[in-house]
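Engineer: The listed protein sequences derive, respectively, from chains A, B, C and D. Its first residue numbered 349, the first sequence is counted upward by one per residue in this note's numbering. Its first residue numbered 11, the second sequence is counted upward by one per residue in this note's numbering. Its first residue numbered 229, the third sequence is counted upward by one per residue in this note's numbering. Its first residue numbered 152, the fourth sequence is counted upward by one per residue in this note's numbering.
Please keep in mind that the hints were generated in silico from the structure rather than gathered at the bench. Any given hint could be a false lead.
[As the list claims (entries may be wrong)] No farther apart than 30 Å at their CA atoms in a straight line, the calculated lysine-lysine pairs in the DSBU-like style are these:
no., chain 1, residue 1, chain 2, residue 2
1, B, Lys31, B, Lys89
2, D, Lys169, D, Lys649
3, A, Lys510, A, Lys483
4, D, Lys580, D, Lys177
5, A, Lys483, D, Lys177
6, D, Lys580, D, Lys501
7, D, Lys175, D, Lys649
8, D, Lys580, C, Lys293
9, A, Lys486, A, Lys510
10, A, Lys515, A, Lys486
11, C, Lys444, C, Lys293
12, D, Lys397, D, Lys501
13, B, Lys86, B, Lys31
14, C, Lys348, D, Lys397
15, A, Lys454, A, Lys486
16, A, Lys454, B, Lys82
17, B, Lys82, B, Lys31
18, D, Lys175, C, Lys293
19, A, Lys515, A, Lys483
20, D, Lys397, A, Lys486
21, B, Lys31, A, Lys455
22, A, Lys476, A, Lys486
23, C, Lys256, C, Lys348
24, C, Lys242, C, Lys348
25, D, Lys169, D, Lys580
26, D, Lys397, A, Lys515
27, A, Lys454, B, Lys31
28, A, Lys515, B, Lys89
29, D, Lys397, A, Lys476
30, A, Lys515, A, Lys476
[As the list claims (entries may be wrong)] Some chain D residues near chain B, calculated using beta-carbon distances under 7 Å:
no., residue
31, His406
32, Val454
33, Phe455
34, Phe457
Cβ coordinates follow ideal geometry from the N, Cα and C atoms, glycine included.
What follows is the residue order along each chain.
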Amino acid sequence: MSDSTAIAHGAVGAEHEHPSYQRHHFETIAQQKDATNFAMWLFLLTEIMFFGGLFTAYLIYRNWYYPAFVEASHQLQIGWGTANTAVLITSSFTMAMGVWSAEMRKKSMLVFFLVLTFVLGLVFLGIKFVEYHEKWEKSHVPGLRYSVQSFVNPASDPEVYKEYHDKPLPLDMARHTELYFFLYFAMTGMHALHMIIGIAILGFMIFRARAGAYTNGHVTFVENFGLYWHFVDIIWIYLFPLLYLISRHQ
Amino acid sequence: MTDLHDKPEQHEREHHIVSPKIYLTIVCCLLVLTATTVAASYVEMGVFNPIVALAIAALKMMLVVLFFMHVKYSTKLTKLTVGAGLFTFLVLVGMTLADYMTRAWGRW
Amino acid sequence: MSHISSVLWQFLVKWMTNFALFPPEASKIAPEMDALYFFMVLVSLIGLTIVILLITTFSILYSKKRHPVAVQIEGSTLLEATWTIIPLGLFLVMFVWGALIYFRVYTPPANAMNIYVVGKQWMWKAEHPGGQHEINALHIPINRAIQITLISQDVFHSFSIPAFRVKREAIPGRYTSVWFEATTPGTYHLFCTQYCGTDHSHMIGEVYAMTPDDYKQWLAGSTSGASLAQNGERLFASLSCNACHNTRPDARGPSLANVYGSRLTLSSGQTITVDDAYLREAILNPSQHITQGYAPIMPTYQGQISEDGVIDLVEYIKNLNSDYRVQQTTTTTTLLPEAEGKAGPNPAEQGAPKGMVKQ
Amino acid sequence: MSDTIVVLPDQATARIPKMNFLSKEKGLLSWLLTGDHKRIAILYLISISFFFFIGGSLAGLIRLELLTPQSDLMATDTYNKVFSMHGIIMVFFFLVPSVPATIGNFLMPMMVGAKDLALPKINLLSWYLYMAAGILAIYTMISGGVDTGWTFTTPLSTHYVNTHVITTGLAVFIAGFSSIFTGLNFIVTIHKMRCPGMTWFRLPLFVWSNYAASILMVLGTPVLAIALVLIVLERTVGIGVFDPTKGGDPLLFQHLFWFYSHPAVYIMILPGMGVISEVVSTFSRKRVFGYTAVAFSSVAIAVFGFFVWAHHMFIMGISNYAALVFSLLTMLVAVPSAIKIFNWAFTLYKGSITFETPMLYAFGFMGLFTIGGMTGVFLGSTGTDIHLTETYFIVAHFHFVMVGGMLMAFLSGLHFWWPKMTGRMYPEKISQLAAVVTFIGFNLTFFPQFILGTLGMPRRYASYPPEFQILNVFSTAGATVLGVGYLLPVLYLTWSLKYGAIAGNNPWQATGLEWQVQSPPLTENFPEIPIMDHEAYDYEWLERQNVSEVASVG
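Construct the entire structure; sequences and hints are all you get.
Structural biologist: Dropping the structure here:
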């Protein structure tokens, strides 16, 4: 019980005997690494199911209110979406490189890649913010500020209109665009929340990495965080086509 | 079930370190696939648009899971875990949708 | 002491008079469902007896006193297969049997008499085709298939008549239906069984199953003057539905005569059968239910018509078997008063003549 | 003494070992910051007992109100709040964590031969989350309660009630994460922390059933979490996913809710089944009949458990085709439970049976769970479901499974492992009495409810037609007996903490690894990691062990 005051994350080591980061109740360091890695995977399972509910809702309502979902998705700009996908994929790459640097015990490289990941994460959120802001401006925030103007009268929204030439939706269908936008905000918002948590942990990791905490052979924490970061990336890999792309054509 | 993890630790722990070259290849593939999926969305394919988009997404996910997340080099247990997650996800989505789809069949 | 025993006595008397293990069987489906129910009870009792017998026999035979040293047995594939396969077989029988009943209860026969029931916090409102309204009461003739078309105005309710062994959820925004054929005249409980808020337990009423003659008498005694279809006709006119659905060659909307029960191809290419649920949807969410060849120009009436109003309209369209009535409304629109709400007198007064309606 | 297997050390000389997990460190802080799974288990035991008695008092109020047909003791909305809080507290704050977080937490590492759970900090975090959720729930109750029922049915919970749905939802959400962490910890421990020689098929069946329950916790709970998040958003922002007037489908909520909450009943019952396997084997001195079948039936229940959720919605307006499929799958999931019951019964065959309290509770479990399980089939068959669902029949059914099954198993396990946890025996005679009283009280309380349900009395009614009164009086009378049955253990177990006989390492002569060490155990469980060299429930091994011990000492 001597380590009861150590930091609460599964794998962060406390200071004593053995390899300093081995916890007392594990027999070997390999067992500890194995166990925390597996625990991380199980945690990601719960995350899959958490998003599962939203994906289900999205698929159901898209089937029900197809025209509304198509026209509402035309409000999203594929350019921003693509840029964000690229940013996130690159950040996944830099994170993977970070894990590699930790494994190779290259401290400055690790810090470099973590900082890069951190910055790319912020860029992603920045772009997301721009997109959210635009939705707010155009009154496409369900519940708080919503108008169906762009859908009952698409010509009133020239930017989108000149690209898609949407037909006006009847009012009863246009009202259901709100469901699309809610799901858009719920899914990307939940995703962004995971990004924010990830970035916060990244900040903490950069701080610790500079002190050399992960380049002494104890890479579990970086590795497990990498899994989390890649998982967040995967969610986006699905969100991007579902929300932005598949409705470009009706 | 037994042979998967009879010995909780030991051997399988040489821990495969993936070389940066592979990471670089994968990230390039991912970026190319992103470009492809965007390009594909500009082509009129009818019902195949979503199918193509989701197929590419699945491919991208496979790349990330197998290489970035090292599942290709991991134990069977990890693979099983990933499989279980996908399976339960599909049960949730599939069986719920089964209800919604069949509601339209009859008068109920 | 004597005080206690008198309480006990009252209790016993009450128990004896009210003793029942299952509710009266007052509908055609009830004996069928009870047959399955008793089959299941039988199977359960046999299963339970086997388990209890095994436990007690073994406990007696192999108690430590009699049998000080246990004999280790690994298991028996044969035995285990037995108690896997036999329960599975029995469960499958129950599944098939249950499914047959389920489909009967939720598949009304074509000639069933339709009564609309609207659930709202915390009352049931029944609307008979002849325009009779009643609250927390339902008068029905025996020996006739009755279809209940249910909808809720707010939360989920559940329409349950234990004596008939039927129950169906009243869902907000969607029609559901259930049917039964009462066999024994009498008064039965009508419950809301889905928890629906504060006065859930007060959302109960009575079902009066009557002989056809009594029922006719009741109908005559509680008429409001206008049938649902007639109310619907007025509503149809006052909402100017006939501006488009008017049978002229250049009409902007399809003709509605004989549309009920027909197969319709929608603009989405889908083919559907026109039923109550479809008509309701087509009024409230028209753009998803455009008949092929027509433009999606119909406005939505969501929020403009109450559930009662929708029922009137549906009933009107159901009964349209020629275009004649529609043409009539075109000419008489201006002559009719505002339909909605004023269509009939207060429903509470409706049942009053018989003095049987409980509030 | 030929009618008991209890072997206690000589009371004159026996002492509780000086070094044990209870005495290792002193002070409140050493408990609140502990990473020791045994101490966390004790913390959990205290907290869930607290919530059990809150939930139990609410149940008492319900039964008291239903004594008379009118709603005279309380107004209808008070009654609604009482049964809602009863359900929420009992389900999320007692039943779900009951066996896994207390007995499971205490024993899982010892049974697999490890020093602790894989993630001790996460284990402690799980308790803190549980407490935070619990305090939030209590706060909700004090500040006005919630009246949605524990099922939070939309659109009632989103648009038609004015009570504290958001805080309750949040409490359940947090409690959900607490149970996710427990489950996650168990899975990792069972996979990665088994001692040398401990193969999967040498694991005690208690471990198997907890493993199955943990899978359900990890995969099911997040779906409940997202459903609750959507409810909160619907109430605060008004988003419309569950709002029919905005085009949403209120049934979607029920899909998501039952996707968790059906597996949740297996989360509640599976660990109980594990307890019964241990107890039945120990008190009949015999390996569990068909070990593999029992082990795999747990896993089968866990897997099939994910395919049956819509049987809660047969009459709610799901497609009738879906109803058929879900009904069929429900029939399949009933089979593994039947297998277990018969396997336990046949474990007794040619055993050498004694009737200590844990065994009495286990017998109670087997009888009541058989009834509970069979009546579940009534509800799983679409035809009879129409008549019986949403009535007292369903109330009786799940109380037979949850209270008759799970609570019996919990008490059985608590008595069984009490000597291990505290080092002292509970008093045998009075606890046997308590077991019998509980059994009688339980049947008197809940059996009449089957008849009530068949007669058609709807659930969640504050007032009811007078002809149902007789059976309700029986039920209320039974509830008082049941209340006594539950109070007794609290009294004598507390008493035994100080005055109970010293138990020694292995009072029951049981074979599990946990019984081979001192009681109460050391903080690190085993002085050195054991090596498992025999099958589970190998009583002959134990015999040899004892003989050689006697030989070496004597």
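Engineer: Now, for every hint given, state plainly whether the structure supports it.
Structural biologist: To see whether the hints hold, each was checked on the structure:
1. B:Lys31 with B:Lys89: holds, 23 Å
2. D:Lys169 with D:Lys649: holds, 15 Å
3. A:Lys510 with A:Lys483: holds, 18 Å
4. D:Lys580 with D:Lys177: violated, 34 Å
5. A:Lys483 with D:Lys177: Distance ~58 Å between A:Lys483 and D:Lys177 Cα, so the pair is violated.
6. D:Lys580 with D:Lys501: It holds: about 26 Å lies between the C-alpha atoms, which stays within 30 Å.
7. D:Lys175 with D:Lys649: holds, 18 Å
8. D:Lys580 with C:Lys293: holds, 19 Å
9. A:Lys486 with A:Lys510: holds, 17 Å
10. A:Lys515 with A:Lys486: holds, 19 Å
11. C:Lys444 with C:Lys293: violated, 76 Å
12. D:Lys397 with D:Lys501: violated, 65 Å
13. B:Lys86 with B:Lys31: Within the cut-off at roughly 25 Å; holds.
14. C:Lys348 with D:Lys397: Between C:Lys348 and D:Lys397 the Cα gap is close to 19 Å, so the pair holds against 30 Å.
15. A:Lys454 with A:Lys486: Cα-Cα ~48 Å, so violated.
16. A:Lys454 with B:Lys82: Answer holds: A:Lys454 to B:Lys82 is near 24 Å, not above 30 Å.
17. B:Lys82 with B:Lys31: Since the Cα atoms of B:Lys82 and B:Lys31 sit roughly 16 Å apart, the hinted pair holds (cutoff 30 Å).
18. D:Lys175 with C:Lys293: violated, 42 Å
19. A:Lys515 with A:Lys483: Answer holds: A:Lys515 to A:Lys483 is near 21 Å, not above 30 Å.
20. D:Lys397 with A:Lys486: holds, 20 Å
21. B:Lys31 with A:Lys455: With Cα atoms ~20 Å apart, B:Lys31 and A:Lys455 stay inside 30 Å; holds.
22. A:Lys476 with A:Lys486: Satisfied, since the Cα-Cα distance of roughly 15 Å is no more than 30 Å.
23. C:Lys256 with C:Lys348: holds, 28 Å
24. C:Lys242 with C:Lys348: Given pair C:Lys242, C:Lys348 is violated - Cα atoms ~34 Å apart, limit 30 Å.
25. D:Lys169 with D:Lys580: holds, 29 Å
26. D:Lys397 with A:Lys515: Measuring from Cα to Cα gives roughly 22 Å; hence the hint holds.
27. A:Lys454 with B:Lys31: Between A:Lys454 and B:Lys31 the Cα gap is close to 17 Å, so the pair holds against 30 Å.
28. A:Lys515 with B:Lys89: violated, 47 Å
29. D:Lys397 with A:Lys476: holds, 27 Å
30. A:Lys515 with A:Lys476: holds, 28 Å
31. His406: holds, 5 Å
32. Val454: Nearest chain B Cβ about 9 Å off; hint violated.
33. Phe455: Hint violated; D:Phe455 Cβ to chain B Cβ min 11 Å, cut 7 Å.
34. Phe457: holds, 5 Å
Checked against the numbered hints above, the structure violates hints 4, 5, 11, 12, 15, 18, 24, 28, 32 and 33; every other hint is satisfied.
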